[in-house]
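J.: With the hints as extra help, turn the sequences into a complete structure.
This is what each chain is made of:
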Amino acid sequence: MPSYEQMVRRQRLLGRFGAFALQSEDLDQVLEEACRLVAEALGVERAKILEIQGDDLLVRAGVGWGPDVVGVVRLSMRDHSSESFSIAERRPVFARDIREDDRFDVPAFMKEAGVVALVNVPIFLPGDRAFGLLQVASMEPREFGDEDAECLRTYSTLLGPVIDRLQKVASLRETREVFKLIVENARDYAIFVTDPDGLITHWFRGAEAVFGWSEEEARGLPASVMFTPEDLAAGDDVKELETARTQGSAPDVRWHVRKGGSRAFIHGSTIALRGTSGELQGFFKIGQDVTGRHEGERALERGRARLQALVEGIPQLVWRASDDGEWLWSSRQWSAFTGLSEGDSEGLGWIEAVHPEDRAQVRAAWRGTGARSSLEMECRIRRAGDGSYRWFAMRASPVAAVSGETSREWLGTFTDIHDLRRLQDVQQVLVRELQHRTRNLLGVVSSVAAQTAATASSVPNFEARFNSRISALSRAQGLLSTSEDTPVSLGRLVDLELRALGPDILHGRVEVGGPETPLPAAAVQTLALALHELATNARKHGALASDEGTLSVKWAVEEGDAPAPHRIVRIEWLERGPERIPGSKPERRGYGRELIEDALPYALDARTKFELEAHGLRCLIELPLEDPPRAGT
Amino acid sequence: MPELSRLQGRRILFAEDDYFIVTNMVSYFRGEGAEIAGPAARLQAALQIAKTEPLDGAVLDVDLRGESSLPIAQALLQRRIPFVFVTGYDAGMLPQPFTEAPSCQKPTRPELVADKLLSIMPRT
Chain C
1 MPSYEQMVRR
11 QRLLGRFGAF
21 ALQSEDLDQV
31 LEEACRLVAE
41 ALGVERAKIL
51 EIQGDDLLVR
61 AGVGWGPDVV
71 GVVRLSMRDH
81 SSESFSIAER
91 RPVFARDIRE
101 DDRFDVPAFM
111 KEAGVVALVN
121 VPIFLPGDRA
131 FGLLQVASME
141 PREFGDEDAE
151 CLRTYSTLLG
161 PVIDRLQKVA
171 SLRETREVFK
181 LIVENARDYA
191 IFVTDPDGLI
201 THWFRGAEAV
211 FGWSEEEARG
221 LPASVMFTPE
231 DLAAGDDVKE
241 LETARTQGSA
251 PDVRWHVRKG
261 GSRAFIHGST
271 IALRGTSGEL
281 QGFFKIGQDV
291 TGRHEGERAL
301 ERGRARLQAL
311 VEGIPQLVWR
321 ASDDGEWLWS
331 SRQWSAFTGL
341 SEGDSEGLGW
351 IEAVHPEDRA
361 QVRAAWRGTG
371 ARSSLEMECR
381 IRRAGDGSYR
391 WFAMRASPVA
401 AVSGETSREW
411 LGTFTDIHDL
421 RRLQDVQQVL
431 VRELQHRTRN
441 LLGVVSSVAA
451 QTAATASSVP
461 NFEARFNSRI
471 SALSRAQGLL
481 STSEDTPVSL
491 GRLVDLELRA
501 LGPDILHGRV
511 EVGGPETPLP
521 AAAVQTLALA
531 LHELATNARK
541 HGALASDEGT
551 LSVKWAVEEG
561 DAPAPHRIVR
571 IEWLERGPER
581 IPGSKPERRG
591 YGRELIEDAL
601 PYALDARTKF
611 ELEAHGLRCL
621 IELPLEDPPR
631 AGT
Chain Z
1 MPELSRLQGR
11 RILFAEDDYF
21 IVTNMVSYFR
31 GEGAEIAGPA
41 ARLQAALQIA
51 KTEPLDGAVL
61 DVDLRGESSL
71 PIAQALLQRR
81 IPFVFVTGYD
91 AGMLPQPFTE
101 APSCQKPTRP
111 ELVADKLLSI
121 MPRT
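As they're listed, the protein sequences go chains C and Z.
When we follow full-length UniProt numbering, the leftmost residue of the first sequence carries the number 1, and every step to the right adds one.
When we follow full-length UniProt numbering, the leftmost residue of the second sequence carries the number 1, and every step to the right adds one.
Read the hints as simulated data drawn from the structure, not as lab findings.
Given the structure is predicted, the values throughout are model-derived calculations rather than measurements.
We put the CB at the ideal spot given by N, CA and C, even for glycine.
Careful: at least some of the hints might be erroneous.
[Stated by the list, open to error] Partner residues aside, some chain Z positions facing chain C, computed with beta carbon under 8 angstroms:
#, residue
1, 18
2, 19
3, 20
4, 21
5, 23
6, 24
7, 41
8, 65
9, 88
10, 104
11, 105
12, 106
13, 107
14, 111
T.: Shown next as structure tokens:
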């Protein structure tokens, strides 16, 4: 039985342990202190605490034991030791002298240390989980009494919750360390914590790297400083916290403002932090700076949109094809023009729109494209609107293969060249026609020269008359050159030929009048020459040769009396002058009269009269304005 | 005695729509003793002569106021009457089957046309 002083001492030691255990956060210190106080209280040399670790018992702490034992020695729970027995039986085990006790195998290190007597008290954690045991040992045989056992049990009972608390603290600390390591090393992630009002309370290095504010600068700032003015105006900062508060978290994917005003695109979320009783403690925000990726995606998107706009905006029909000409894709223009949907056109379906006569050529062009770097040909394609075929130029070039792809892809277009081809044809016809007209004109010139020469009295006489006829031809050609758009009018032709006589001659003596009358192009040249001869004669020998004479040129359009309905223009050329001296009437039939009486009827089917009278000349020309019906029609 | 009238007594048809050219031709051919059939400026009139009148030869403009003189050539061919084309187009542009037919390109001189026509007419 311990004495009263011993009891008081034990109480005092227990009190010290209690105070120590409450203060300390270090499990090893607490266990070692427990061993020390127990040994002192019971007056033994050695005490130790063993911890169950799987199938082993580790000497976790001890007093009187050397560093080769504490933290090193392990006993197997399968051995028939007093320690494993005590844990298995969940009760204290006493041994007065282990040398005489055959209930247990005594571990070698204990024998070597000279242990004779011992007590084992199991330690239980809350929930009745065995932690290990507290053991005191004496080098002398000793009978441990109930008071000693009670003292040990008190310690073991105290140790249970203390160990449990410290284990939890250690585990929590470990968790916190891990959290800290993650948070502080996640440089690519901006992580920070705010209070329930959104004021920053914790600001980690990743946040500093992304947003620019240091921890000191950031702490206390509202998280809304990172919102763009547009988002603030829309109240997005408030909405985000509200969503996180009610839903637990809120997505935070938006442009953020950095220190200094530049922007970063953040992909992240805001999470509400709640205490154990559910009260809101703040918000945890984590996000990744994806500005580069976001910009890249936007640039790619813009590029794609531009390409799309280009492909759909150009008049060409665009498509993609394999090496064999099998279509993989076609643009909307293709479908709009041919009426074949993209699906219809896939593979070789598009050939359906090619003119049957051109299909073999198109197929041949696609055969053996392997070595070629481009493909060009022309073919006709059916227009869905009216079923007509139009000429298109097909052009395709292979797209450079992306690494890893074995087959090439072709990008091709159809360009409408129908009008171009038609214009080329028209141009060819026009050139041929121009050549024809030029040669004909030269034929006319050479004939006029021959006929002028036949009646010329001298070379100067020839030159004067020939030049004036060539000028008339030239004026007629000038009018004809613009006649593609507007036909030559009779008024214009008469005006030109009269003016060619000279500016003074016409003044006050010439009357010209008639409706606007477009002439057939084929009539212009011959009529011009005839009018030219009339005008020249009037000036040389007729009404305009003297001061008293007058000239009137009038015309009207009438229905002709030819078998087919057609219109004629009736032109009356009337010269009035002083009475001609009888006998001065030219004996020789002049060229002007020949043209009126022969050329116009011959070339233009005109009916004419040429009447020289005492007081002047009356010339009548009835010229058809349309060609008569043709042979065989 | 020089051969002044090399076309003496030959009856030649002229189909040509241009007055000045045909006048020049006709004037020369008359001078060479030829008798003139026509001249005709229109297909229908020329064709009528080519089919019905006695002829020894013909000078044909390829284009008569926009109409081809081909039917005249065919009619003459059937009657084995020699003819020469006068054309403002390239010689190679003559229509089938007359691509190889004798032709003169405008502008030409009447004596060249007469030479060509004489070269294919049987001598008398």
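J.: Which earlier hints turn out false for this structure, listed by number in ascending order?
T.: As far as the earlier hints go, 10, 14 are violated by this structure, in ascending order.
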